[in-house]
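Chains as they are written, first to last, in numbering that gives the first Met the number 0: chain A, 0 to 195; chain B, 0 to 198.
Just so you know, these hints were derived from the structure itself, not from any lab.
Here the structure is a predicted model, which means the values were calculated and not measured.
Errors might be hidden in some of the hints.
[As the list claims (entries may be wrong)] Here are the simulated SDA-like cross-link-like pairs (lysine to any residue), alpha carbons at most 25 Å apart as the crow flies:
1) A:Lys195 / B:Pro56
2) A:Lys190 / A:Asn111
3) B:Lys156 / A:Glu45
4) A:Lys190 / A:Thr152
5) B:Lys156 / A:Asp44
6) B:Lys55 / A:Glu29
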Amino acid sequence: MKRLFSKIRMHGFLMLLVVASTGCMDNQPELTFVGDSIVARWDLDEFFPHYPHTNLGLSGSGIGYLQRTLAGRSFDDLVILSGTNDNYSFSDGHIDSYVSLYVSTIESADANHIYLYSVLPRDFASDDPAVNDRIMKFNDMVSHAVADNPAITYINAFEYFYKDGQIDLALYSDRLHLSRDGYEVLASLLKGLLDK
Amino acid sequence: MSIFRKLLLVTLLTLSSFAVRAQFAVGLHNTRFAEIGYTLKSHYTFQLSHSLFSEKPAFQEIKFTFDYTNAWRDLRYNAAAYGSSTWNGDYKTAGARIGARYTLAKRFHILGTLNPHYDTGYGYNTCFAAGASVNFIPAIAVRLQYTTIPDYRMSEKRLHAGFDAKVGPLSVSPILSIPLEGSSQLSKFRVLASCSYTF
Chain A
0 MKRLFSKIRM HGFLMLLVVA STGCMDNQPE LTFVGDSIVA RWDLDEFFPH
50 YPHTNLGLSG SGIGYLQRTL AGRSFDDLVI LSGTNDNYSF SDGHIDSYVS
100 LYVSTIESAD ANHIYLYSVL PRDFASDDPA VNDRIMKFND MVSHAVADNP
150 AITYINAFEY FYKDGQIDLA LYSDRLHLSR DGYEVLASLL KGLLDK
Chain B
0 MSIFRKLLLV TLLTLSSFAV RAQFAVGLHN TRFAEIGYTL KSHYTFQLSH
50 SLFSEKPAFQ EIKFTFDYTN AWRDLRYNAA AYGSSTWNGD YKTAGARIGA
100 RYTLAKRFHI LGTLNPHYDT GYGYNTCFAA GASVNFIPAI AVRLQYTTIP
150 DYRMSEKRLH AGFDAKVGPL SVSPILSIPL EGSSQLSKFR VLASCSYTF
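Please model the complete structure; the sequences and the hints are all you need to start from.
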């Protein structure tokens, strides 16, 4: 009899544990990250464990991948960090048409909300010395173009990675891709907005 | 009454209803979870774990686990039920774990775990782990395991390679968690540290 009561007590405890834990099911919005290798390399489960997420980052990708990925799909919250692989299009003769295509691609996405990171500075071995000036100009044009769109929150991350005319090496693993500290900066900027 | 108060009340009532022949253990699981456990009569363990994410307190996760462990000849097995939630209730999980370790020739162990797992954000997943470990010396086993059981929250296909060392009341398990799918896998290696000390 004593053993029977013990078993009942044990099973009751287990049932309570499971029922209490699943009692109120809720639907968190899913974060979908789209972009190039900087997104693809981001360990999202480590940095965003409390948000369901999908990583659609693709190394080497640019505007073409962004168009293909965003077209015909709907998203909860969309996080975009893309453009560095297209930096040759930030030159004077091409930048206006590229910004127009970039912004229209992002604005056409079917998402509850879009978090758009600025393109980050870089200093890769093969980079043109003026690459960061072009990236700054591109970021400036994009931030102005989306400023009045309530569905898009622009995250100016560039300034956190660029100090005194140079990239902050502590935030990079190879002057293009990010170190763990670099991802920490990106994550904290986004979390500050998500937690509001 | 909030979910935490309910769980805490149930746990405390259950703990207090048992006799006192018990052991306490404190430790760390997968680098990000602090744990405290209470084992009764070597078989029944109640465990409370709390996440150590670099997050605000409201986003931290608290988890209750009840585990039953026993052995039959060379087979050691356990069954556990658990439930967790963030403090702000953003997501909750519940599930069970059924595990077994079969010892062959004293040094070689076959390991397996089945883990039906429900997460209010990701839905239901049947996760599992399968692998083997070898005791090169009695205190240290080398482990290699394929797993879909979440390291943190999301189920991923990963390979766990590392050591399980046990010296007296202290056990330590440094594990390399290697992703097996997705792009840019090399950047998503994790070093998972687990340890516990039993009083």
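Taking the hints in turn, this is what the structure says about them:
As the CA atoms of A:Lys195 and B:Pro56 are separated by approximately 15 Å, the hinted pair is consistent with the 25 Å bound. For a cut-off of 25 Å, the pair hint linking A:Lys190 to A:Asn111 stands: about 17 Å separates their Cα positions. Taken as a hint, the B:Lys156 and A:Glu45 pair is honoured in the structure, with Cα atoms around 15 Å apart against an allowance of 25 Å. Taking the CA atoms of A:Lys190 and A:Thr152, the gap is near 13 Å; set against the 25 Å cutoff, the hint holds.
Under the criterion of a C-alpha separation no larger than 25 Å, the hint pairing B:Lys156 with A:Asp44 is consistent with the structure, at around 13 Å. Note on B:Lys55 and A:Glu29: the hinted pairing holds, with a Cα-Cα distance of about 20 Å set against a maximum of 25 Å.
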